[in-house]
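*Asks:* Sequence:
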Amino acid sequence: MNNPMPAMNTPASPLDQLADIHLPAPVASFPWAPGWWFVLCVGLITLICIALWLYQHRRKNAFRRAALSELTALATIEDDSLFAQLLNQLLRRVALHSHQKNDIASLSGKRWIDFLSRSCGDKPAFTHQTLDSMLEAAYQASAKPLPRDALITESKTWIRRHRSHHV
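Those letters in the sequence shown? Residues 331 to 497, by the numbering used here.
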């Protein structure tokens, strides 16, 4: 019995001779690559700029919010003459806050009506009829009723939309 290969010397399977797979080191979540730091910085700067703009915009328009709340309180006044006087004063104070004092203080009558119509851009907030009736009711007894709802609506529109020239 000549066995050319003894059982003990049989080589093992070639697969057994392979080494185990070595996994790479886990990917670190920190420190980030420079590109991610750049994205983070740009994002933070953008958020800060937006927050500052919103803060300034809100602060700059605080007078509009105050005027709108005062207009809501004026709507409860029943006397047309008193309502017209106080509404005219409110509109004048808003205009004085947002324009040069010298430009506004001297306006009255037709020039005041023209200013209110002109200062709201291409689409005027007021109709001349409502402004005429407001000025008429403010300074003299009127036989015709004051268009209060139209005046309140148009005044709200003007307060929100008039062009402001802060000084």
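FYI, nobody ran anything at the bench for these hints, they're computed from the structure.
Mixed in with the good hints, there may be bad ones.
Under the rule of at most 25 angstroms between Cα atoms (straight-line distance), these lysine-lysine pairs were calculated in the BS3-like manner [stated by the list, open to error]:
1. Lys486 with Lys474
2. Lys431 with Lys486
3. Lys474 with Lys390
4. Lys390 with Lys440
5. Lys486 with Lys453
Predicted model, so just to flag it, every value in this text is computed and none were measured.
*Asks:* Hint by hint, say whether it matches the structure.
*Replies:* Tested hints:
no., hint, verdict
1, Lys486 with Lys474, "23 angstroms, holds"
2, Lys431 with Lys486, "22 angstroms, holds"
3, Lys474 with Lys390, "39 angstroms, violated"
4, Lys390 with Lys440, "29 angstroms, violated"
5, Lys486 with Lys453, "14 angstroms, holds"
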